[in-house]
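Based on the hints, put chain A in the right spot on chain H.
Protein chains in written order, with the working numbering: chain H, 1354 to 1796; chain A, 67 to 412.
Be a bit skeptical, because a hint or two may be false.
[Stated by the list, open to error] Here are the simulated DMTMM-like cross-link-like pairs (lysine to aspartate or glutamate), alpha carbons at most 25 Å apart as the crow flies:
| no. | chain 1 | residue 1 | chain 2 | residue 2 |
| --- | --- | --- | --- | --- |
| 1 | H | K1470 | H | E1483 |
| 2 | H | K1368 | A | E258 |
| 3 | A | K212 | A | E200 |
| 4 | H | K1488 | H | D1565 |
| 5 | A | K405 | H | E1446 |
| 6 | H | K1488 | A | E369 |
| 7 | A | K291 | H | D1484 |
| 8 | H | K1606 | H | D1621 |
| 9 | A | K193 | A | D148 |
| 10 | A | K405 | H | E1454 |
| 11 | H | K1443 | A | E304 |
| 12 | A | K291 | H | E1483 |
| 13 | H | K1366 | A | D361 |
| 14 | H | K1488 | A | D372 |
| 15 | H | K1488 | A | E296 |
| 16 | A | K405 | H | E1583 |
| 17 | A | K130 | A | E258 |
| 18 | H | K1470 | H | E1364 |
| 19 | A | K212 | A | E164 |
| 20 | H | K1582 | H | D1621 |
[Unchecked claim] DEER-style ranges, computed between Cβ atoms:
| no. | chain 1 | residue 1 | chain 2 | residue 2 | range |
| --- | --- | --- | --- | --- | --- |
| 21 | A | I263 | H | K1470 | 55 to 61 Å |
| 22 | H | T1418 | A | E369 | 50 to 56 Å |
| 23 | H | K1470 | A | V120 | 49 to 55 Å |
Keep in mind that the hints were calculated from the coordinates and are not lab data.
Beta carbons: idealized from backbone N, C-alpha and C, even for Gly.
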Amino acid sequence: MPSVPQNPRGEEKLKLILGQLSAVRARVNGLAFQQGIFVALALLISAATIILLAAFTLAPLMFLTIAALAALICLAGLALAGRHMWRMSKTAEAVAALTDERAELKDRMLTIIAMHKQSVRSPLWPYLVEDANLKRDEFAPSRIQRRRISRTLYLMVASILLAALASPLMHHAPRPVAVAKHAQAPLTLNLRDLNIQPSDHPSGNEARLSGDPNTMRKLAQMMAEAQRKERNRNLLSKMKRSAQDLANRLQDKITGRQTPPLDIRLADNGGPSSNPASPPPDQNLNSPPDANAEQPSGSGSPQSSAQAPAHGSQETQPGGNQSPLAMQAPPNDSAQGKPQPGVDSHPFADQQHSGNDDAGGASHGAGTDPEGLYGPPENDGKSEGSFQIAIDARPGATGHAANRGYPPRVNAPLNPQQHADEPISRTDVPAEDRSTIKRIFER
Amino acid sequence: MSAALAEPLTVADFARTFRRIQGEIHKLIIGHEQAVEGLLSALFAGGHVLIEGVPGTGKTTLVKALGTALNLSFNRIQFTVDLMPADITGTRVIVTGEDNRREFTFQPGPVFCHILLGDEINRATPKTQSALLEAMAELQVTVAGKSYRLTPPYFVMATLNPIEMEGTYALPEAQLDRFIFKVSLGFPDEAELIRIISSTTGPEEAGIQPVFAHAEAAGRIEALKRLVREVMVAPAIEQYAARMVRATQPTGANFMGERRGGAGDEIVNRYVSFGSSPRGAQALILGAKVRALLDGRANVAYEDIDAIAPLALQHRIMLNYAAHSDAVDAAQIVERVIKAVRATRT
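The shape of chain H in the complex, shown without the other chains:
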C-alpha cells in the first residue's frame, strides 16, 4: 500500500475527530460508572433496609433467613452490577463501533480508530478523514449518548424512599421495655422442675442464678448431665439452636436491645410428686413473662416463702466456665422418667390435679376431663409432658411462634353449675315395662 504524505490540515482534522471520539467515550464510560455505582448503592440500601426491618419485626430464625437471603441477593446483585459496569465500559474501538452504529457512519470511525496509528496509510486516507470530519456534527457526544445521568439514579432514589418508609416501622416495632422492667424482679424456680440444656449463647449475662450451695451443686450436676446429652443430640437440632442463638445475637446488635439480666433464684424442694404439699412448681414457669415478673420475691406468697432461705445465698453468672442454660420442666413422670400406667400424660394433667388440691373442688377432680378445656394439644416437637422456658427469651423471640406451645396457665374455676359426676342408682324395672323388655330379650 503506497504511503501518503502527512497533511498538516488532515492531521488537525484527525485530531478533532479523535478528540470528539474521546469525549464520546468519556460520556459512555461515565454513564456506565454511574450505573454501576447507583445500582450498587440501591442494592446496599435495600438490603440494609430489609435486614433492619427484619431485625426489628421478625422472630430470630425468620430474621436470620431473611437477612441471609437479602445479603446473598445483594452480593449477587453487586457482582452482576460490577460485571455489567465492566461490560458497559468501552474501549476506543468499541466506542467507535457504537458511534458508527448510532450516527449511521457506516464504520468510518471504526476504520479511523484502527488505521490512524499505522505508519503506512492508504491513498484514500485523506478522503476518509475529510469525509469523517464533514460528519462531525453527526457524532457529537450529545447525539451519541444523550444522557448525562444514568436512569439507575431512580432506582437508588426508590431504595432511599423505601428505607425512609420503612424507618417508622422500625421505630414502632415492639420493644422489650415492659419485659425489661419486669425482669428486674427475681424469678424463683424449683430445680426439680427444670430440664437443663446447654446453650450456645456466648454472652452468658442473660440470667443471674442464685441459690443455696446444695442447689447450685445439684445444678452443676444437672448441667454436666445436660452437656453429656447435648453431645448425643443430632446435628440438625444443634444447628437449629446455633442458628437461633446467632440470630439472637445479630438482632441484639442491630436493634441495640439491652435486656437486663434476669435474676433467677433456684430452689431444690423436691419434685411435686414427692412433696404434694409443696406449692405448684410451675406457678412461675408456666405463666406468661409478665405474670412471672409480677411475682416479687419475698412477697409473702407460699412459693416465695418456700424459696426465701435460698435467696442471695450464692450467685452465679452463667457463662464463664458454665454454659448458659435453657431450662425445661421435666415430664410428668418426674424422677423416674417413665410414664406411669393410668396416669394422664398430658402436661396439664399434673397441674390440674394440683389445682384440684388447692381449690378443693370436687367436681372436676372426679370426672371432668381437663384436656378438653383447651382443645387438642399441638404437636410441636417437644417431648410430651414438658415445656420450655428460654431464659434469654424476649418478646421478639416469644412472638406468635412461641405461643404455639401450651396456653398460659389460668387458675379459672370450673363452671359452678356443673354437677358432680355420680353413678346412676340401680332401680327396679317399672311394672308396665316389664313385659316389653321381656319380649325383647326373649327374641
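This is chain A only, laid out in the frame that chain H set:
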C-alpha cells in the same frame, strides 16, 4: 498514457464511471439491476463471474453489452461436449515462413481477449473446463510448455443453464471457486417483459456508447481496479468476514481444525458437506470494497460484507443429499450464516 490516466482517481470517479457503465448496459438489458451491479463489481474486484439463468434471460446479451460499453476486446466460446482444451487456449500450428521454412507457431485461442464469454460452460467436459483454470487464476496460458500472458483486464463470464442438465458436466468445486461471484438472472416480470418486447422487436436497436476510448479502456479499468484495492478495511471487519467464511463449514469437517468463536448454525451442520474456501473471504472483502466505493466511502462497512455475502458465498457451498431432499438451497444457508455471524458482532 493520456492526461486523464495520469490524474489519480477519486472515490467519486469510481462511482461515476461505474454508474455510467451500468447505465449503458441497461440501455440493452431490461431489469436485472442487481445482476448487472454484481457483474460490474466482479469486474472491478478483479474476479470472474458465473452467470446462471434459464434460456432467453439475456445472459449472452448482457455480456455483449458489457464488452461494448467497456470498449474492450470480446470473445465468445460456446461450450459443447466435443470442445477440446486447445480450442480454447490455442495451439501450435505449422506455418511456412517467407524463407520457406516451416515452423510451429502458436495460434492463440479465444481466451486471448479482455472479456471472454463461456456460454453454457457445464456442457464441456471437465478437461476442457479445466483449460480455463490457468487463464482465470494466473492470466496466462501454457501450451507445449510455453506460457503466454493474457493482457489485463481479463474478465471471464461463464453461463450456466440450470434446467437442461442432461449431458452436462457439473463444474468441479475447484473451478467454481475461481469465480468471484455467481450472478443469477431471474425470469423478468411482466412489465420488464413488455419493455423487452418493445425495445427488441422494433426497427431501432439500442445503441450502447462505449464509456472509454478504446486506447485507454484497459488502462482506466486497471486504474479503477487498483483504487478498489486501496479501500481500507478495519481489522474488526476482516475478522467478521473470516468468521463468516468459517461459519459456512460444518463443525465436523476434519480440515477445519480448532473452531474458536464459531457461529456454526445447525442448518450448516445438517445440510452442508463443504463450505466456502478462503477465496470466499477474499471475494467478500473485494466485493465489499467495490460496494464501499459505490457508496462514496473509502472504508468497508459491516453492511457491505452482509450485502455481498450471497453473491460471494452461495456457489462455494456444497450441499449434501439431505439439503436436496429437504429443498434447502445455498441461498438459505448463506442467509442463516449471515444472521448467525451478525449476532456475534462486537
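> Hint numbers the structure violates, sorted upward?
Replying inline: Failing hints, ascending: 2, 4, 8 and 16.
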